[in-house]
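A.B. asks: Residue numbers (this note's numbering), protein chains in the order written: chain L, 1 to 326; chain Y, 1001 to 1307.
Honestly, I wouldn't trust all of these hints.
Unchecked claim - A few chain Y residues that face chain L, going by a derived Cβ cut-off under 8 Å, partial list only:
1. A1203
2. R1207
3. T1208
4. G1213
5. S1215
6. K1221
7. H1223
8. R1226
9. N1227
Claimed, not checked - Partial chain Y-side listing against chain L, Cβ under 10 Å, derived:
10. D1204
11. V1220
12. W1222
Calculated directly from the structure, the hints in this document are not laboratory data.
Predicted, not measured: the structure shown is a model, and the values here were computed from it.
Even for Gly, the Cβ is constructed at its ideal location relative to N, Cα and C.
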Amino acid sequence: MTGTPLIEVRDLRIDLDDGSSRIAAAEGISFRIDRGETFGLVGESGCGKSITALALIGLLRPPLSIGGGVIRFEGREIQRLSAARQRELRGNRIAMIFQEPMTALNPVSPVGRQIAEMFVLHKGKSWRDANRLAVEALASVRVPAPERRVKDYPHQLSGGMRQRVMIAIALACGPDLLIADEPTTALDVTVQAEIIELMRNLCAERGTAILMISHDLGLVANVCRRVAVMYAGRIVEERGSADIFRAPSHPYTQGLVDSLPRLGSRAALGRARLKEIAGVVPAITSFPDGCRFNPRCAQATEICRTVVPKTDLLEGGGLVRCHHHA
Amino acid sequence: MLSFLIRRLLQTVPTVLAVVLLVFVLFSVVPGSIVSSMSDDSDPQVELRMKKQLGLDEPLYVRFGAYIAKLATGDFGTSFRTREPVTTMIAKRAWPTLQLIFAAMAFAILIGVPLGFIAALRPGGIVDTIAMVVAVSGLSIAKFWLGLVLMHLFALKLGWLPSFGYGDGGLKYLLLPAVTLGVSPMALFARTTRAAVLEIMTADFVRTARSKGMSETRVVKWHVMRNALVIILTTIGLQFGGLMGQAVVVEKLFSWPGIGSLLVDSVLQRDIPAVQGSILVVVLAFLAINLLVDVLYGVIDPRIRYA
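One chain only, chain L, in its complex shape (with noise of 0.2 Å):
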């Protein structure tokens, strides 16, 4: 990894103001994408991965603010940034799917409208020239009859159609990054799929940098060439794809890793059940010391309940957060 990367986020923090007090809900968020690459985060609801995207995009609501850390586009800090400098940006240099094609999308405006916004707002197009592109980047997902669909509403598209227009909207612009935040989890497996051969095969066509964000670790793997696992708002394993299977680090990457349903292992591990993780993930308001993740982890020791394991660099490539790595 050399040069200047895409995007680099250091030392992010994501605050939720309750009204009385500060609570970070993500903290200590370290991550480098470069040009054209693959990066995926994983990790259960809750741990902060949606809020982290939001926060590249500048897309954080009260009572979510960014509490602190840089995140720098081309080396250039966004916070900085005055607001129309970050409008120019969102949708046209960063992108973003959503996880539910439903409401993402305006259900009183055609779909074709929704897309030709993007050349109006980014590009300088005349309404009737953004339409024209607008039949073109429907065709792009390969949506039939493209020139028919674009007159359609949300409603009468299904979910696959609608995520594939999400795309459409959101790759318009040819945008060096595209963050997909669950993007297949309402669908159906076998659209599923689709969808994601879509998606990596268009951005892969222009260089696109995806970040992934999902809880389904084989999936995201499956697409990124290197994988971050959050847990309680903290980033605790980066890696490889291939390594993480191979031989993930920390003891919740691991859980996680165990699982997933292999095809085949029954042959091999008779009918055992599908190993689970103990317990649940913290809510944001009762953190605990040290590690967040000692109550759940078999390995912990005293250390764990009370001192914060610090990252460490693995041997064969990527990070960790534990003090009992292996």
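Got chain L sorted already, so can you dock chain Y onto it with the hints?
C.D. replies: Okay, now just chain Y, sitting in the frame of chain L:
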């Protein structure tokens, strides 16, 4: 769409019948009749003759049947008092009432909806606070009192506007009654709009719009407005109906020669055909506006289609 319209029009028939029946029954149980209100001395002979003349000697169901039969031909009957056809009386009064209601509605929409929008864009801000104080006051003020205060201020003290009457039907006569009638729907629209916009601002598609790099103004113009309109339209439709009822008070207060004051006068004189006719016209107008609102839904919200 056409079959929807026909079905909706047919549905109004039972409503109209029910309203006619209700008025018939009500007037047969309330004390006093046109006869007692017209003659001071209670000579039984005279009373009987008058009753016969007006058809009041027949039993209720006969009168009801006869009225419905005439109604089916578009005949609203003849006023007991003026001996004029009720349709003529109403026709003369309809225009002033329409003027009043539409002017009040225009005032309420043009002020209330933008006020609600501006308030919602900065919740808790100075505009929001002022708008909501105005809204709560507007909803709480009694119309007859507000009308009197406006009259006192603009007609008596300042002398800018005439205090009452229809005059030549010009705008300066319309202004005070329209504002009096329009204040409470204006307040309601401000509140509804604010609530609708605030709710829509948290919708997922608004977050999508922001992620596209739109300014907040664009987000509102391109994505929030039309969605809010669906909600606001419902309130506007309902208010139209309410306004026709409230117009009675305002018309009486400002001696406005509309259907409302016709209704009040007719009730006091027990002029049943005139009451019946006025109420029917108000009910029909209410039903027509509801139908119009339903059709407009389909225009604004593509998810609603009528088959």
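A.B. asks: Does each hint fit the structure? Answer for all of them.
C.D. replies: Hint check results:
no. : hint  : in the structure
1   : A1203 : holds, 7 Å
2   : R1207 : holds, 6 Å
3   : T1208 : holds, 5 Å
4   : G1213 : holds, 4 Å
5   : S1215 : holds, 6 Å
6   : K1221 : violated, 11 Å
7   : H1223 : holds, 5 Å
8   : R1226 : holds, 5 Å
9   : N1227 : holds, 6 Å
10  : D1204 : holds, 4 Å
11  : V1220 : violated, 12 Å
12  : W1222 : holds, 7 Å
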